Amino acid sequence: MGHILGYIVEPGLLSSGPVRTAILVGTVVAVTSGVVGVFTVIRGQSFAGHSLADVATTGGAGAFLAGLNQFWGFLLAGVSAAAIMELIGVQRRRGRDVATGVVLGAALGTAALFLYLGTQTSSTTGASFTILFGSMFVISPDTIPALIASGLVALAVVAVLSRMLLLTSLSPELAAARGVPVRAVGAAYLTALAVAVSLSAVVIGAVLSTALLIGPAAAALRISRRPGRAMIAAAAAGTAATWLGILLAYDSSYWPPRGHGWPVSFFVVALVIAGYLLTYARLPGRRRPARGQQGEAEEAPACSPA
Amino acid sequence: MFSGLMMNTWIAATIVAVIAGVTGFFAVLRGQSFAAHAIPNGAFAGAAGAGLLGLNVIWGLAVFAAGGALGIAALGRRARQDVVTALVLVLMLGLGALFLSFSTEYAEVTYSLLFGEVFGVSSNVILPIAALGIVSIALIALMYRPLLLTSALPEIADARGVSTRRMNLWYLIVMALATSMTVPVVGALLMFALMIGPAATARSFTRRPEQAIALGVAIALATVWAGIAASYRTNWPLGFFVGVIAAGFFLLGQGWTAVRRRGPARRPAPALSPVPLSRTAAWRLIRPPRTPERAVPTRVATARSGKKG
Amino acid sequence: MPELAEDELLRLDGIGVRLGGRQILRDVSFTVRPGEFTGLIGPNGAGKTTLLRVILGLQAPTSGRVLLNGRPRPRHAGRLIGYVPQKLVIDPDMPLRARDVVALGLDGHKPGFPLPSRSRRDLVTEALEAVGADRFADARVGELSGGEQQRVLIAHAVISRPRLLLLDEPLANLDLRSEQGIVSVLASLAREQKIAVLISAHDMNPLMRETGTVVYVAAGRAAAGRTDDVIRPEVLSALYGSPVDVIRVHGRVLVVAGDEQAHHPLETGIVTRMGGG
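Chains as they are written, first to last, in our numbering: chain C, 2 to 307; chain U, 85 to 393; chain A, 920 to 1196.
Hint data in this document are derived by calculation from the structure and do not stem from the laboratory. Please read these numbers as outputs of a predicted model, since none were measured by experiment.
Quick list of the computed label-pair ranges, beta carbon to beta carbon:
hint	chain 1	residue 1	chain 2	residue 2	range
1	U	I210	C	I224	49 to 55 Å
2	U	S247	A	G989	26 to 32 Å
3	C	D143	U	A298	51 to 57 Å
4	U	R161	C	D143	46 to 52 Å
5	A	K1006	C	R164	22 to 28 Å
6	C	I224	A	G933	34 to 40 Å
7	U	L335	C	L153	33 to 39 Å
8	U	V219	C	I224	40 to 46 Å
9	C	R226	A	D1094	33 to 39 Å
10	U	R161	A	G989	31 to 37 Å
Computed footprint of chain C on chain U; a stretch qualifies when at least three of its residues, placed anywhere within it, have a C-beta under 8 Å from a C-beta of chain C:
hint	region
11	110-118
12	168-175
13	267-281
14	321-333
All residues carry an ideal CB built from backbone N, CA and C; glycine is no exception.
Given the sequences, and given the hints that come with them, work out the whole structure.
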């Protein structure tokens, strides 16, 4: 038994500094993303969540170029993108998607510019790779406080707004009739999303950020219809995927092709997807969500702002 | 700027803009902007993998683009479209990360597939891109009416027996086809911007679908031509200009829509009283169907009787 | 099995639907004849939409059968049955005019690109005129009001000359004027063109002037027949399984529960109409 354990948990895993940082950071991101992600899925804003991650990395590239502290670049880019999306988009989902797409297009174009200018000034050949895919094992420890703070801010906003968020997500007309400022709540939520996503994107890459935002939340919502339970399940699932991903990534340095190791982002994404697909399995005793029933967050038009 | 080498660039970009304008119309109409982003980006990951295996990148692009399209179509039946798109995207990018981590020359490969190398396009790429463009547009034209019906009125389409699922799959495959060839030229991110921005702008200025497609193509062409000129002058990446110019056009369109909607009230309310018989008299000119099954009249027959009155 | 009448357009025999562990519909049977204007009445959630979906072939019944013109329902009765669904949300920015939507009703199922043709345009114009939508034929369909959109969708549904037109709660969310307009349009279509109309509603009063037959759905079961035969206390009480009263005031019908628990939504509908007379 110990022999097998020793094989799975390679020597030096938990004593490695970078690994400990990765675990801590990954946990914060997974929990925040899981909670915020539940609302993202309910509101049908997965595209916005992904776009904000891409935009945040643009901000990072820009800040790096300008020699500024990267975090403020990420946050600034993410939050202003959220504001622009909210302003030029309409509350209707289709209009919002298009606005998101246009903002994303402009932001990515700007990222191209920053990367190009970056190559002019210095030789940052690995820049695009890290910006997109992140590098969990090379996080500098002094970013941790900022990360935790931003996570807490996002969670706080979501917690304060949770009831209003649910109402506006399920039925904007009803919410408006009850005096809920639908537009303001939507804007506040998008800002929280930007904050949550920006830092995670920066730290672990845009790809991973989206995976941890959407995957666990979507899986949790398939299993449980109550948002509160779904948030807990999503946070737990995301954290589990992150830990296991870190473990496998660390182990993989002993796998072929060389002593290079496979990227963490790949493992976490694969685990998140696997978890999601598992929710489609017909387990005995688990009631499959019936088609046509109202209030099921998974099914398309019923409970998203139309 | 219009020398021999640059001609290839202009031609290739023109073809890409036309393809983007046509496919983009439906992406915006169907609310599949996310898929328009996900499929090219996922395709890029496949290209990296193909490069790794020593294959032509086109195979990687095509396989991943098609796989992405199929994944979104298949999973999208049972779950929300945007969630499925996000997961398919991250899966493909995750695989891309894996492939790129094995390779040593990832930086240039990544950059060029993401942002394109339109200024380095060689003439032997022009013909395949043109051929592919014709095929994509032909496929759209072939299913134009059912596509329009299922995009605009999905519930009614299903009730009439026009399968929204089949049309969804058809459209996503066409998008995969269109992007897999254009990505090496203009890059994944650019293709996306050209598909969404111009189509979104066009709909602000016209109410007719055919005009919206034409206008979308025109705006895409204007965007990419202006971008090439600017990029040539400044040496800045084409993607930057395309992204910003497309956004600029979009804002113009939004502004116009806002002005238009605030304008004077248009028309009076429809008649309150029951529709007078005289209005329905026109219906008598259309011969009712003989048997229930053949409910659709032949156009020639009705046109003739229509002109009698 | 009773003999099929010669002129039966649609016939449901013992339709039952079970969804997610619940018996939504149980032993529902009725017929619709050509040109008949029938109300499909029942409280919200009674299963009216499910019933319409069964007729359209979008929902497979767990028991019973659907017959069209005496034959089992074919897989796609597409052109035989026109359909106007409930709560269609149309993007206001969508580049489609009312005219384009109606044209899709004519040939939206055919592949290829529509070639501009005079006869096509004329057919579309005539359909728009028949529903009183010609004034806004060139407006963006997403920018039309609820009532205007309804008319456009009706034109879309009837332009291909179906024999049967199904409408799912078309009068919900409409103001009084628009309601009356829609009912008039539908009634004239039924009369002039011999199109059978089956219109679902939770309030039968706007339809009272035009419908002679009604299918009343409640508690998963249905009673069908002439309005006066069905809208009776004994029939409805048997349906609901609890005491129900039928009150007629000023030509309006009010269905009221006999006890506290079975609160019927028809009640609220009536109160607002009493003032209008």
